[in-house]
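My request is simple: use the sequences and hints to build the entire structure.
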Amino acid sequence: MSPTLWQRLDGLAGVLAPAAVAVGLALIGVAHTGIPGLAGIAPVLPIAAVFFWSTYRPRLFPAPVAFAVGLLVDLLGGTPLGVYALVLLVVRLVVLSQRRYFLGKPFLFVWSGFALVAAGTGLLAWALMCINAGQAVLTAPALFQFLLAVAVYPFMTRLFLWVDGGLMQGS
Amino acid sequence: MKARSGSDLRLSGPLRVAVQRLSLAFLVALAFGLMLLGKAETVLVERLRAGVGDTVAPVLEALSRPAAAVGEAVERVNGWLALAAENDRLREENARLLNWQTVARRIEAENRVLREQLAIVPDPGPAFVTARVVADSGGAFARSLLVAAGSTDGAIKGNAALTRAGLVGRVVEVGARSARVLLLTDLNSRIPVVLERTRARAILAGDNSRRPRLEFLPEGVEVLVGERVVTSGHAGVFPPGLPVGRVASVTDGGIRVEPFVAIDKLEFVQLLDYGLGGILGAPGARGRAERAEEP
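If you read the sequences in order, they're chains A and B. At position 89 of the first sequence (counting the first as 1) the number is 89 in this note's numbering, and the numbers step up by one without a gap. At position 160 of the second sequence (counting the first as 1) the number is 160 in this note's numbering, and the numbers step up by one without a gap.
Treat the hints as calculated values from the structure; they're not laboratory data. You may find that some hints are simply not true.
[Said to hold, decoys possible] Pulled a few chain B residues facing chain A out of the computed Cβ check, cut under 7 angstroms:
1) V52
2) G71
3) A135
4) F141
5) D264
6) K265
Yeah, the Cβ is synthetic: ideal placement off N, Cα and C, and Gly gets one too.
Shown next as structure tokens:
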């Protein structure tokens with residue numbers, strides 16, 4: 001039995017919605033806030049989206065989407081092309097291999113898992129930037145970026161759950 | 001959950017895993033390839049960035065309005081908490097006076113030169129565009145701004161980005177409606193400067209921190225904390241004498257300069273065309289030629 005038009009549209013929405021959320025987060029991440037000091041430590045919010053969907057619904061966030069969102073982060077942020085594309089791919093890869101530990105666990109456990117992943121991404125991005133610049137890059141902003149990313153993850157999760165709930169209702 | 005894969009290509013288990021692994025390897029290789037490409041083929045990457053900048057600039061501008069309102073509200077609360085109202089007024093006045101000081105110094109220097117060479121024809125004033133800052137991007141590893149003015153508004157690659165207080169950075173990419181300003185605090189920013197008191201030349205090198213470093217200072221030059229640092233005009237990127245900052249600290253670890261501009265509070269910047277293409281090459285020079293033909 002071939003899927004009806006609505007089922008197809010629904011399937012499309014299933015993939016598009018998480019990607020759209022990640023793109024929106026990438027844009028919000030660079031938007032001008034006028035809050036002193038925030039720009040230098042603003043977390044790369046799409047990392048949280050990749051983490052969430054790779055954990056709970058990896059099918060809705062395929063690797064090419066993670067790559068494309070990472071590329072957008074690079075293009076918007078002025079980081080060398082490919083740095084965050086690679087970082088998001090690695091996040092997806094790592095989370096996919098570890099997701100069975102997160103499924104059905106209390107939020108605090110998942111949150112600490114995210115903290116580990118965020119720390120790893122910070123380190124990876126830092127290393128890639130150092131290689132690209134040919135010198136050691138300042139570490140302090142990356143540290144604050146990490147702390148901020150961990151701090152906002154619960155709010156991000158609320159957003160992701162809301163989007164996910166909408167998708168579930170639709171199907 | 002299962003039903004949602006309805007439109008997916010149906011492949012048997014092992015084959016699908018193989019295809020997925022292969023595509024993942026391809027994407028990882030592509031990411032590394034792009035990093036290399038960005039190092040070698042900068043024009044293509046620049047064009048791509050400019051295109052994306054053009055596309056998202058209107059969105060970011062819309063986003064930045066409420067964010068700016070929130071930012072202003074935060075600022076206001078801060079104002080109530082401290083003696084900020086008075087403080088702000090004085091700071092503004094101070095900035096204005098510093099501005100005048102800059103003008104006076106420049107005029108003084110110009111005057112001296114003019115007296116030496118009588119009947120000199122003065123340079124035409126620079127053409128400028130004022131642009132709203134729509135994104136301060138870069139996160140932890142880069143320092144740049146996206147502004148909502150592009151080539152259609154007269155922005156040109158190589159423009160100096162300034163505020164009344166001083167230098168902010170320079171324009172490195174220009175799209176039709178947006179431009180990217182590399183801040184003087186960025187890791188890749190190198191600006192030829194002179195110390196105003198001793199006229200010693202140096203390079204102001206950004207390292208992503210708030211205070212860039214002074215490098216390649218000649219040996220034996222005495223540097224005082226609080227000394228003014230201005231552009232030297234060498235390398236032809238900026239005209240000489242643009243105010244940059246003030247020496248903030250002199251230690252064994254190096255000399256740090258505090259920029260005059262509070263870079264994280266920028267709302268608008270002016271992109272000035274001094275007609276100096278400099279080492280940035282053709283685009284600036286072409287813009288100048290076009291402009292020269294206009295009148």
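To see whether the hints hold, each was checked on the structure:
1. Contact between V52 (chain B) and chain A, as hinted, is supported at the beta carbon level, the nearest pair being about 4 angstroms apart and thus within 7 angstroms.
2. A distance limit of 7 angstroms between C-beta atoms decides the matter here; for G71 (chain B) the minimum to chain A is near 3 angstroms, and the interface restraint holds.
3. This hint holds: A135 (chain B) has a C-beta 4 angstroms from the nearest C-beta of chain A, less than the 7 angstroms allowed.
4. Checking F141 (chain B) against chain A by beta carbon gives a least distance of about 5 angstroms; that is within 7 angstroms, so the hint holds.
5. Residue-level restraint check for D264 (chain B) holds (minimum Cβ-Cβ distance to chain A is 5 angstroms; threshold 7 angstroms).
6. Interface hint at K265 (chain B): satisfied, since its Cβ lies 6 angstroms from the closest Cβ of chain A, which is below the 7 angstroms cut-off.
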